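Undergrad: Below, each chain spelled out in residue letters.
There are 2 protein chains.
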Amino acid sequence: MSLFQKHQPLLAKAIEALHARTFFAAFPEHPAPAVYGETADADGQTKFKNYLGKKFEELKQTPANAWAGEEESPYTQERLGISYPQYPVSALVENSKKAFASWRKLSADERAGILLESLDRVKKRFFEIAYATMHTTGQGYMMAFQASGPHAADRALEAIAAGYEELNRFPVNVTWDKPMGKFNLQLNKEWRAVPKGISVVIGCSTFPTWNSVTGIYGSLITGNTVIVKPHPGAILPIAIFVAEIQNVLTENNLDPNTCQLGADTFGHMITKELAEHPEVKLIDFTGNSLFGSYLEALPGKTVFTEKTGVNSVILDSVNDADKVAANLAFSVNLYSGQMCTAPQNFFIPENGIDSPSGKISFDEFAQKFITQINSLVDNPKAGPFVLGAVQSKKTSERVIDSEKLAGKVLLKSRVVENPQFKNARTATPVVIELDANKKEIFSKELFGPIALLIKTKNTEQSIALAQELAQTHGAISCGAYTTRAEVHDQIADAMALAATPVSFNLTGGIYMNQNAAFSDFHVTGGNPSGNASFTNPEYVTKRFTWVGHREPVKA
Amino acid sequence: MSLFQKHQPLLAKAIEALHARTFFAAFPEHPAPAVYGETADADGQTKFKNYLGKKFEELKQTPANAWAGEEESPYTQERLGISYPQYPVSALVENSKKAFASWRKLSADERAGILLESLDRVKKRFFEIAYATMHTTGQGYMMAFQASGPHAADRALEAIAAGYEELNRFPVNVTWDKPMGKFNLQLNKEWRAVPKGISVVIGCSTFPTWNSVTGIYGSLITGNTVIVKPHPGAILPIAIFVAEIQNVLTENNLDPNTCQLGADTFGHMITKELAEHPEVKLIDFTGNSLFGSYLEALPGKTVFTEKTGVNSVILDSVNDADKVAANLAFSVNLYSGQMCTAPQNFFIPENGIDSPSGKISFDEFAQKFITQINSLVDNPKAGPFVLGAVQSKKTSERVIDSEKLAGKVLLKSRVVENPQFKNARTATPVVIELDANKKEIFSKELFGPIALLIKTKNTEQSIALAQELAQTHGAISCGAYTTRAEVHDQIADAMALAATPVSFNLTGGIYMNQNAAFSDFHVTGGNPSGNASFTNPEYVTKRFTWVGHREPVKA
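Here the protein sequences come in this chain order: A and B.
Counting from 137, one number per residue, gives the positions in the first sequence under my numbering.
Counting from 137, one number per residue, gives the positions in the second sequence under my numbering.
No lab work stands behind these hints: they were computed from the structure.
Keep in mind that a hint or two might mislead.
It does not matter which identical chain is meant; a pair holds if it fits inside one copy or across any two.
Claimed, not checked - EDC-like, lysine to aspartate or glutamate: derived pairs with alpha carbons at most 16 Å apart:
#, residue 1, residue 2
1, K241, D625
2, K314, E165
3, K325, D625
4, K190, D256
5, K580, D537
6, K260, D177
7, K437, E412
8, K593, D245
9, K149, D571
10, K495, E214
Note that the coordinates shown come from a computational prediction; the quantities given were computed from them, not determined experimentally.
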């Protein structure tokens, strides 16, 4: 049985799920022993510890002369000491070019088989990936497991499914038969989905696998070779993915350089040189807007970006203000606000929020919000684990600096102790009250646990501001609370025009930060927060070109 | 019965045809009286003559204060004297913005109904469009009828079908139902295909409808409003399309400014100002590479280009050299080489071309080619009508100048007399022999009836040059003649990598210049000849954004 035959049933289900857009997940999201094995967690932790202080020698790609690595755990604030092979850009490109010659000639079925098999292998390594993710990104254990493991694998599967579907969208060949009156003109025609060439996937420090695997698998399924350029601070989680892809390639007598790890260091970043190399045709990027926009403007490249955005919450009217405050408090605490989907700007009318028990004033709601934040943060069984640690020192500094913004600090950020890691870099959310006329402050992304409560004239102004910010500065998510149908429609329309998905009236255990594979398009591509979307058809069709050849049918 | 219901059967067939890619045409390509009516041709000619020297007053868009027009017939070399409403860019954009507010809210069905109805109306005007096309572009009657009428309408239908299909690719709403163990998380989700906004379609002087209608209909079906900016030398053909779209809009109580004609003059071109306007989100362009590349680099715009290319013919081995020469001679004569798909560079090995009767030397094949050109050109019943007239004086000058190129002039260009139009601007093909080392000469587009016979070392070099030119300077078509299977595969692969479709071994009544709707992707988007393709899925998906909203199911 070929790898394609082995995985074909899952692929078929995934393609169906792409269109159904109801709940679908191929990889169980809970790290349950019953699912993953009784010793899976302990084994994963051991494997992670064994990496520390050593060369990462699992890769099958062309050996390197130099090794380096600078990852540091936000939980221990110590170096991991893992080193990765280092290459000149020319060598990565040359290796990729050679691998392209054979990878592009495989059928979509063959490529799908290889890639699906690699996900199957990665599944057995979700726990070590989880620990690797914790100790590079600062994510809490549960998020690290889910986001870097099953959720990333589901997103990868989604990209494979979308690519496979598009590759099969048009016939391989047909006879074109045109009646000309006395005779028919007949041509044999064939269509080829021609991959664009070498693809570079540039990772970020906070979601090293989730934000990279769609580009990696999206490029690979469509016949391109990939150079994975992780953030120098978060290499290990994606290195394990790459190692498993290379294992399956090698076992199937394919060139392991089809997917290379091109790690670098803070002192010698290769990203620009890679991106500008004329042989590099595709670039995937997650990160800051400045660099993303520079990449988007590179001539002759197809570029997919997720940049920064300013996410808003519009508060108009609620059924239960405490539940709303609790839900939003969780959203700003989750991974210390270091998600691209975390809310930053909370627009609240100066006259307050309508509720069944009457108006809730701005100050009352602010108090409820602060109470919920404190209650979560100060719960030793939840707070430290929901918050995780702060990936970058700069984020901690930004949180402290935010207290000097021209607003009223309603809640100061604190350092909480993580029971497992005494030295963890932590920061609880800072909450600042601002007037709606302070647009210069709230119209940029303040990455980290920073929540701005913005006092607007009314909901009209709240909507107008949320829309304007999304259109001019980008937004990846939006929360809205209203019990009035006409306001609901107004928000849905205004934010749709700003290409921003809205989560309405979320309470309980679901949050605006969350985005599910096979259902939620992640980033829409229609506002400045990024030009690409996980995983719409464009995300894969732009990675190859339809070329048709034709020839008269022989008489 | 709604317009959608009326046209739904055709739409369904067109969507099927998009995927089948076999022959499909909704609009009969022959100007047969039996199909279009006994008096259709004469009526069309009369209608065309009635336009001359007057204001074009058929448009329903906001009236203008100024009128101007500078079209000139390449057949008479006299001004048509037709004037069109002129607007400041700000007025066109303001009108479009207003129309967008309602057009975007129509359903895909409603928009499809309106647009399909407009094609039905245009069908009744194919003859006047044909005469308008002849006397602006210089095309011969038959090409003018086919390209600007039925073939353009088929391409428009193709864009409507592709857009309609993509708009319906994902469900309008679903319940997302995630099992959480003890309970299910349930969200109502909905997806909206949000149009990007104002679309500007920039026309060219040689194919004023064929090259513009895909962008116009592609943008309209996906909910964008359109400003049509024709070439100042070829307005009337597309003005008639726009008039019919506006008629249907007005009859259905919709804003006629949904699709405006934004004509300008050579002395006061509005293209740049329009393209750079911040409210303009989509740009379609056919024309020169310099301007096309400038448009592609505009930040924040989605741009679709067809620019220039250098089309090659690779001659390796043939079954019947005379038939091959005849086919290629027709290709260079057709519309005096003014098609973007016309061949320019003919690569012939210095040792000649293999054939069943032995080697045909370079000189022998050159002679056969010249003989076939002369025989067609000097046939008074065919030559003048196949050649048509030369649209621009610059093209005539380029043909004359080409005789000074550093090659051997094998055939000089001549002026032939058109029996119907004594004053027609004509030019027969010039044929020049060049050595393969003269790459600086043959690596640019020499627009017009200019054929370069390039002597290569062998077929390997021919293929390498054709591939390199396509990759570095772009190519829209490629012809190849070989009877050897391995060379066939080699060419198919090399040109596929250069994103160039190859027509193999064409003889008889089909030519490499021709591209059929619903089957041949026109321009692939994968080389410098343009970044877009008629009509692949990307051509329509890039015109809108998928945005999903969600809300918990009420308990």
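Undergrad: Hints first: check each against the structure and report whether it holds.
TA: To see whether the hints hold, each was checked on the structure:
When the C-alpha separation of K241 and D625 is checked against a cutoff of 16 Å, the pair qualifies only between copies, where the shortest distance is 13 Å, while the shortest distance within a copy is 49 Å. In this assembly of identical chains, the alpha carbons of K314 and E165 lie at most 16 Å apart only when taken from different copies (12 Å versus 54 Å within one copy). Taking the shortest alpha-carbon separations for K325 and D625, only the inter-copy value of 14 Å comes in at or below 16 Å, while the best intra-copy value is 48 Å. When the C-alpha separation of K190 and D256 is checked against a cutoff of 16 Å, the pair qualifies neither within a copy, at 26 Å, nor between copies, at 72 Å.
In this homomeric assembly, K580 and D537 come within 16 Å of each other (Cα to Cα) only inside a single copy, at 14 Å, whereas the closest approach across copies is 57 Å. With identical chains, the CA atoms of K260 and D177 are at most 16 Å apart within one copy only, with a shortest distance of 11 Å there and 73 Å across copies. In this assembly of identical chains, the alpha carbons of K437 and E412 lie at most 16 Å apart only when taken from the same copy (9 Å versus 22 Å across copies). Proximity of K593 to D245 under the C-alpha cut-off of 16 Å is found in neither arrangement, the shortest distances being 58 Å within a copy and 39 Å between copies.
For the identical chains of this complex, K149 and D571 are neighbours neither inside a copy (50 Å) nor across copies (57 Å), given an alpha-carbon limit of 16 Å. When the C-alpha separation of K495 and E214 is checked against a cutoff of 16 Å, the pair qualifies neither within a copy, at 50 Å, nor between copies, at 75 Å.
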